[in-house]
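A.B. asks: The residues making up each chain are set out below.
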Amino acid sequence: MQWYYSKNGTQLGPVAQSELISKLASGEVSPSDLVWKDGMGDWIPASQVSELSVLRPPAPAPAGSVPAAPPYSPPVSPYAPPVAVTQEIPSYLWQSIVVTLLCCLPFGVAGIVFAAKVDTLKKAGDIVGAQVASANAKKWTMIGFIVGLVINLLAFGFSFLSAFMAQSQQ
Amino acid sequence: MKAGRALWVALTVLVLAYAAFHLRQHGNLGSWFPGCLFHRVTGLHCPGCGMTRATYAALHGNFGLAFRMNPVGVILLPIALGVLGIQIIGWVRGKRLNWFPETTPKLAWALAILVIVFWILRNIPCWPFTLLAPI
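Sequence order for the protein chains is A and B. Number 94 in this note's numbering belongs to position 94 of the first sequence; there are no gaps in the numbering. Each number in this note's numbering comes from the position in the second sequence (counting from 1) with 1000 added on.
If you're looking for bench data, these hints aren't it; they were derived computationally from the structure. You may find that some hints are simply not true.
Unchecked claim - In the DSBU-like style, the derived pairs of lysine-lysine whose C-alpha atoms are separated by at most 30 angstroms in a straight line are:
| no. | chain 1 | residue 1 | chain 2 | residue 2 |
| --- | --- | --- | --- | --- |
| 1 | A | Lys23 | B | Lys1002 |
| 2 | B | Lys1095 | A | Lys139 |
| 3 | B | Lys1106 | A | Lys138 |
| 4 | B | Lys1002 | A | Lys138 |
| 5 | B | Lys1106 | A | Lys139 |
| 6 | A | Lys23 | A | Lys37 |
| 7 | A | Lys138 | A | Lys23 |
| 8 | A | Lys37 | B | Lys1106 |
Stated by the list, open to error - Listed next, with one range per pair, are the computed distances between beta-carbon atoms:
| no. | chain 1 | residue 1 | chain 2 | residue 2 | range |
| --- | --- | --- | --- | --- | --- |
| 9 | B | Ala1003 | A | Met40 | 27 to 33 angstroms |
| 10 | A | Gly9 | B | Gly1090 | 34 to 40 angstroms |
| 11 | B | Leu1059 | A | Lys7 | 54 to 60 angstroms |
Claimed, not checked - Below, a sample of chain A positions facing chain B; criterion: calculated Cβ distance under 7 angstroms:
| no. | residue |
| --- | --- |
| 12 | Ser26 |
| 13 | Met40 |
| 14 | Leu93 |
| 15 | Trp94 |
| 16 | Thr100 |
| 17 | Leu101 |
| 18 | Leu105 |
| 19 | Ile112 |
| 20 | Val113 |
| 21 | Ala115 |
| 22 | Asp119 |
| 23 | Val147 |
| 24 | Ile151 |
Here the structure is a predicted model, which means the values were calculated and not measured. Beta carbons: idealized from backbone N, C-alpha and C, even for Gly.
Could you build the full structure based on these sequences and the hints that come with them?
C.D. replies: What follows is the structure, encoded as structure tokens:
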């Protein structure tokens, strides 16, 4: 799913949903910035998109300090309260292992490392980090799978063709 | 149960079964199996090198030779395929199955390190590391 977003009146994108979520998490895109994807009627603030806001972690409380009453209270934003995330974050661990063992390309190893990161971050409660790592694990596993498949099919076709040619020459 | 997904899975299983049958009958030498391209290009052994020969040996019941070809892969691949099989059954039925415990970070990192260390060690060209490389 491709998202577009706007910053300071400039339209940016398209980016993948996982990338937009990580931009929101890092603050590169703020919740009030307008976002749009194909099928939506109009541009709306990122904070009002449930697909994006569900994944946002609760604002981190400053450690060790009692939050004083803010001198200025910001207008109440229509944030969906952070939902306790019960959704699955796939790690693609076994998929990346299979790709590594069968496709003979080092991309799968990157997939395994990201898969391990997913489990670590998920356990630490870093949902956004785990989502990003999950997207990366998926990306590298898919690259390994597709590149491995294409290269092996090409090589297969090539050796098939040369065997066929050798036979017809005899 | 989703018919489209079931069809894809059935097709994939059919192709894999035919590939396994072809491999068992004809072996990988002189046949159309392309072999490891990473090995052909770099001369190095990747973590999956030897898996075709190992599968060939295993399909003929020679598990010792299969283990010799790729000791990590021969153990890890059946486990991974088993877990994936369960996941795929859940995917076809449109419902996740919780037949196995979720992987812990420790297990995931152990597997990642195992694969990477195995990859490095089997490329060291002296005994006993050469035992990890396929023959």
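A.B. asks: Decide, hint by hint, whether the structure agrees.
C.D. replies: Do the hints match the structure? See the list:
1. A:Lys23 <-> B:Lys1002: violated, 35 angstroms
2. B:Lys1095 <-> A:Lys139: The given pair, whose Cα atoms are some 24 angstroms apart, holds under the 30 angstroms limit.
3. B:Lys1106 <-> A:Lys138: holds, 20 angstroms
4. B:Lys1002 <-> A:Lys138: holds, 23 angstroms
5. B:Lys1106 <-> A:Lys139: Cα-Cα ~23 angstroms, so holds.
6. A:Lys23 <-> A:Lys37: holds, 16 angstroms
7. A:Lys138 <-> A:Lys23: holds, 18 angstroms
8. A:Lys37 <-> B:Lys1106: violated, 38 angstroms
9. B:Ala1003 <-> A:Met40: 27 to 33 angstroms: holds, 31 angstroms
10. A:Gly9 <-> B:Gly1090: 34 to 40 angstroms: About 46 angstroms separates the Cβ atoms of glycine 9 (chain A) and glycine 1090 (chain B), which means 34 to 40 angstroms is violated.
11. B:Leu1059 <-> A:Lys7: 54 to 60 angstroms: Given about 57 angstroms between the Cβ atoms, the range holds.
12. Ser26: With a closest approach of 23 angstroms, the serine 26 (chain A) hint is violated.
13. Met40: violated, 27 angstroms
14. Leu93: holds, 6 angstroms
15. Trp94: This hint holds: tryptophan 94 (chain A) lies near chain B, its Cβ roughly 4 angstroms from the closest one there, short of 7 angstroms.
16. Thr100: Holds, about 5 angstroms.
17. Leu101: Leucine 101 (chain A) check passes; min Cβ-Cβ to chain B is 4 angstroms, inside 7 angstroms.
18. Leu105: Constraint on leucine 105 (chain A) satisfied, holds at 6 angstroms.
19. Ile112: holds, 5 angstroms
20. Val113: holds, 5 angstroms
21. Ala115: holds, 6 angstroms
22. Asp119: Holds, about 4 angstroms.
23. Val147: violated, 10 angstroms
24. Ile151: Since the shortest Cβ distance to chain B is 6 angstroms, the answer is holds.
Hint violations for this structure: numbers 1, 8, 10, 12, 13, 23, all remaining hints satisfied.
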